[in-house]
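Participant: These protein sequence lines are chains A and B, in that order.
Each residue of the first sequence is one higher than the one before, counting from 0 in numbering that gives the first Met the number 0.
Each residue of the second sequence is one higher than the one before, counting from 0 in numbering that gives the first Met the number 0.
It should be emphasised that the hints constitute simulated quantities derived from the structure, not laboratory data.
There's no promise every hint is true.
[What the hints assert, rightly or not] Facing chain B, a subset of chain A residues (Cβ under 8 Å, in silico): (1) Gly1; (2) Glu71; (3) Gly121; (4) Arg255.
[Claimed, not checked] Far from chain A by the CB rule (all over 10 Å, computed), these chain B residues: (5) Met0; (6) His15; (7) Gly25; (8) Asp27; (9) Val30; (10) Leu62; (11) Gln66; (12) Glu94; (13) Pro100; (14) Asn114; (15) Asn132; (16) Thr137; (17) Asp139; (18) Ile146; (19) Glu210.
The beta-carbon is built from N, C-alpha and C at its ideal position, and this holds for glycine as well.
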Amino acid sequence: MGLAKRIIPCLDVENGRVVKGVNFVDIRDAGDPVEIAIRYNEQGADEITFLDITASHEGRDTTVHTVEKIAEEVFIPLTVGGGIRTVQDIRTMLNAGADKVSINTAAIHNPELVRESAERFGSQCIVVAIDAKRVDDVEGRPRWEIFTHGGRRPTGLDAVAWAVRMAELGAGEILLTSMDRDGTKNGFDLGVTRAITEAIEIPVIASGGVGNLDHLVDGILLGGADAVLAASIFHFGEYTVPEAKAYMAARGIEVRL
Amino acid sequence: MSGVVAVIDYGMGNLHSVASALAHAGADKVVVTHDARQIRAADRVVFPGVGAIRDCMAEIRRLECDQLLADALVGQHKPVLAICVGMQALMTHSEENGGVPCLNVIPGEVRYFGNPLVGADGQRLKVPHMGWNEVRQTRDHPLWQGIADGTRFYFVHSYYVDAVQRELVAGSVDYGVCADAALARDNLFAVQFHPEKSHTAGLQLLRNFLEWNGKC
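When you get a sec, could you build the whole thing from the sequences and use the hints?
Facilitator: Okay, here's the thing in structure tokens:
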């Protein structure tokens with residue numbers, strides 16, 4: 000027996016409400032983030048990830064307030080991401096009660112932010128989020144590129160090489176989302192998950208595409224992920240966290256029951 | 000009655016979660032402070048820590064938290080709970096940041112997990128050790144009350160404690176090596192994991208701390 004694989008429900012939050020779109024459109028309202036976080040805490044989720052997709056400044060104040068309320072009620076690790084651009088943004092979220100902060104686009108524009116924040120706050124609280132899309136090379140060999148702006152803008156960066164660089168700069172964890180799969184319920188992109196978990200020493204959270212419990216199992220056993228993240232299967236009551244854990248345990252995966 | 004719990008704040012990160020978990024566990028009053036008077040007046044002391052050890056030690060010494068801790072432990076004999084880097088700071092020396100002398104309250108080393116780190120069955124283990132792992136209770140202690148042996152707690156660390164006096168080890172965790180997860184001596188209990196992030200088991204440990212008379 001050893002370290003358990005983690006199950007992480009994800010709250011995509013816009014203007015103080017949990018939403019979840021399919022391929023970043025078709026947003027459905029899933030409810031109040033504080034209530035939902037408390038429910039997952041009670042169900043035995045191993046962590047909670049809170050991704051702020053609000054664009055406006057006013058909305059971001061709401062986010063800080065929501066994070067504070069969740070941190071008062073939920074005694075499992077909380078990761079907050081979305082719109083984190085500066086060391087001050089990271090400090091604001093840590094002070095609001097986040098245990099880890101996820102950096103995405105800002106790391107691409109300024110990789111030194113990862114080094115600086117890891118040195119200042121410790122690697123344990125710096126998560127780098129990678130949004131990858133499959134773009135095979137001319138000979139058809141699999142390759143994954145990082146995209147920004149909800150998967151619309153290519154960066155030219157190779158996702159695996161980027162993960163290695165982020166780990167070297169001091170990231171404590173990688174949150175890997177397949178932009179091809181996100182919201183589709185067709186399962187993780189296991190190719191990129193496996194490629195990145197094999198390339199780096201820090202933990203990897205697989206994200207994007209979970210539609211059933213076999214997908215969670217595959218992310219761990221085939222993708223080699225240390226944790227699996229899912230949103231809609233939990234939000235809309237298709238499965239509970241205990242059901243997911245029991246299913247994974249029955250397939251030989253070590254989980255916290 | 001828990002009385003007043005002082006969480007020693009030496010400026011290294013957010014201590015709200017520790018404070019709110021203590022309040023949730025039933026603390027009468029929690030103060031987050033490095034004010035000597037408030038810490039001396041408290042009934043119990045929590046010594047937390049996050050971040051890199053060199054910066055932590057520098058701030059602990061600059062704010063004279065080392066002296067406040069010594070007063071609580073030896074002078075006033077109050078129950079003290081050290082958490083994560085707070086536990087590591089109690090040891091003699093840490094390998095982190097190229098080697099940093101620590102408080103030497105408990106003789107021992109803080110060592111790097113090693114890279115690559117390999118598990119018992121040959122699989123590669125990631126560093127940091129991040130997530131829920133089983134804590135083996137190596138001896139009875141009032142802070143384990145109501146917590147089953149082998150219960151999982153939340154860990155996040157790249158360096159681990161290796162105490163010289165093995166009889167002080169109250170809990171251990173396997174992660175490539177056998178690391179000290181909890182140390183106990185008189186009125187001091189120190190844990191590598193985060194009780195404030197360990198759900199019901201963590202809250203139970205904090206509840207036990209709030210009821211503890213400092214004897215074991």
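Participant: Now, for every hint given, state plainly whether the structure supports it.
Facilitator: Hints, verified against the model:
{"no.": "1", "hint": "Gly1", "verdict": "holds (6 Å)"}
{"no.": "2", "hint": "Glu71", "verdict": "holds (5 Å)"}
{"no.": "3", "hint": "Gly121", "verdict": "holds (4 Å)"}
{"no.": "4", "hint": "Arg255", "verdict": "holds (4 Å)"}
{"no.": "5", "hint": "Met0", "verdict": "holds (22 Å)"}
{"no.": "6", "hint": "His15", "verdict": "violated (5 Å)"}
{"no.": "7", "hint": "Gly25", "verdict": "holds (13 Å)"}
{"no.": "8", "hint": "Asp27", "verdict": "holds (18 Å)"}
{"no.": "9", "hint": "Val30", "verdict": "holds (17 Å)"}
{"no.": "10", "hint": "Leu62", "verdict": "holds (18 Å)"}
{"no.": "11", "hint": "Gln66", "verdict": "holds (25 Å)"}
{"no.": "12", "hint": "Glu94", "verdict": "holds (15 Å)"}
{"no.": "13", "hint": "Pro100", "verdict": "holds (20 Å)"}
{"no.": "14", "hint": "Asn114", "verdict": "violated (6 Å)"}
{"no.": "15", "hint": "Asn132", "verdict": "violated (5 Å)"}
{"no.": "16", "hint": "Thr137", "verdict": "holds (16 Å)"}
{"no.": "17", "hint": "Asp139", "verdict": "holds (22 Å)"}
{"no.": "18", "hint": "Ile146", "verdict": "holds (14 Å)"}
{"no.": "19", "hint": "Glu210", "verdict": "holds (18 Å)"}
Hints 6, 14, 15, counting from the list given before, are not met by this structure.
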